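> Listed in order, the protein sequences are those of chains A and B.
Residue numbers are given in my numbering: position 170 of the first sequence equals residue 170, and the series is strictly consecutive.
Residue numbers are given in my numbering: position 73 of the second sequence equals residue 73, and the series is strictly consecutive.
Any given hint could turn out to be false.
Subject to a maximum C-alpha distance of 27 Å in a straight line, what follows is the list of computed DSSO-like cross-link-like pairs (lysine-lysine) [said to hold, decoys possible]:
#1 A:K2 with A:K38
#2 B:K40 with A:K38
#3 A:K2 with B:K40
For the record, the hints were derived by calculation from the structure and aren't laboratory data.
Keep in mind the model is a prediction, meaning the values are calculated, not measured.
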Amino acid sequence: MKPFDYVRPATLAEAVAAAAVPGAAYLAAGTNLIDLMKDRIATPSRLVDLTRLPGLDQIEDLPDGGVRIGALVRNADLAQDPGFVRRFPAVAEALLSGASAQLRNVATVGGNLMQRTRCAYFYDPASACNKRTPGAGCDAQDGESRLGAVLGWSEHCIATHPSDFCVPLVALDAVVEIEGPAGRRALPLDQFHLLPGTTPERETALAPGELIVAVRLAPEAAGFADHARYLKLRERTSYAFALVSAAAALRFDGERIAEARLALGGVALKPWRAREAEAVLAGEAPSPALFARAAEAALATARPSGDNAVKIELARRILMRTLTLAAAGTPVPLPALPGSPFAAVPGAARHV
Amino acid sequence: MTPTITLTVNGEARTVALGDPRVTLLDLLREHLDLTGTKKGCDRGQCGACTVMVDGRRINSCLALAIAHDGAEVLTIEGLARGAELHPVQAAFIAHDGFQCGFCTPGQIMSAVGLIAEGQAGEDAERIREGMSGNLCRCGAYAGIVEAVQDAARSIDNANRKHVA
């Protein structure tokens, strides 16, 4: 690790002031940042430790029926909060499908949004990476592209965002509360992570010195609780990043889908909201043919960024399966293997 | 900020002059306090060998900066037994052959202690496997580990669960 100053502010205002120097970085649990610092992928000259700031570790029920999740709430605490799980089960399932219990015990809500890509070429200092060194090139393009994007990528970067948590959040129109030198603002999560374009080194909409203080879900987001799932295809049964993943949340009016919220993970440098597919589902009765049409719509603009065309088909299939399981109803309690795509589909032959 | 911290390790207050804010909690335990039971495997939060309990929760000590844990209460494998009497999880690992080479074992045992304290898995083998997935065992002693955790979970009743650590 490169040497750094360590600062532990007592208030949010002190934190913002302490981070005003060039090279400063905010530290929460550090489960991603410390890892990156050990390999000198991240080289902050000052760490501003946020973990003792008061008031950021609460899960608050808002008067309008929504919820406000403080940026320092631990992943494990949010995923096991009974009121939160009941109203936002797909978010809890996504959290529990990510990382390991040890990491979820410390990793925070804000840190999850801020985690960097897991692209192997970003992690390898010997490889060219436009994120690490703008203009250096992208060795991932001709390399091992299994974790590469199939939506929204550019010739400058084919990395994906690794978060599970963000996928159902973006489907449910989560809003990020941001504090910074210019005061407080709110931004839809869908606009928080940036696609690479020509500037893959710019990863989020945060201005220098800004930090996340909370994530909010509106009361409407709880209206999908009876039919909400997150499924994640990975190369191990547990403790692995997604090859592809999907969140599906359905609100029924009788036998028909009144409203659908869909998002994909592992396919782009941001959690990928699939609005075209949502439009296909609205007002229709659920059926395999309908779900196949929705999956076609969700991946209509997908194209491989390397030897990863298979991910387009995998994404279609994970979305169809997630829709099928969401339509069947949210399981209570959550499955023993959260996010597993190998659970039996009701009414179908069991196959894994 | 002075790089000296005070924390409680296995019930004992310890004051440590870190000398450098880069010291991880794992290195503090091993290099500064000579508590080498906690192992350094990958040093990247991927293998679980460094698992310890901090303020009652299992964490990867390799990804924790020691300076950020000033005032914390830490429990390591050295603090589990009561004299000659093994902790129920330790005894269960021996009874069920939950290890071969032993390198991952302190992390496995501390993780199991954390899992049982969390109370989410009970004796369900699938939930135990999922809950222990952050601890790798390259000898492949997983079958014995799952049995040991089931056995320990049985022997630590619900009333005592919060005091398991």
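> Could you run down the list of hints and mark each one as holding or not?
Verification of the supplied hints:
1. A:K2 with A:K38: Holds - the C-alpha atoms of K38 of chain A and K2 of chain A are around 8 Å apart, at most 27 Å.
2. B:K40 with A:K38: The hint holds at about 14 Å.
3. A:K2 with B:K40: Roughly 20 Å separates the two Cα atoms, so the pair holds.
The structure agrees with every numbered hint stated previously.
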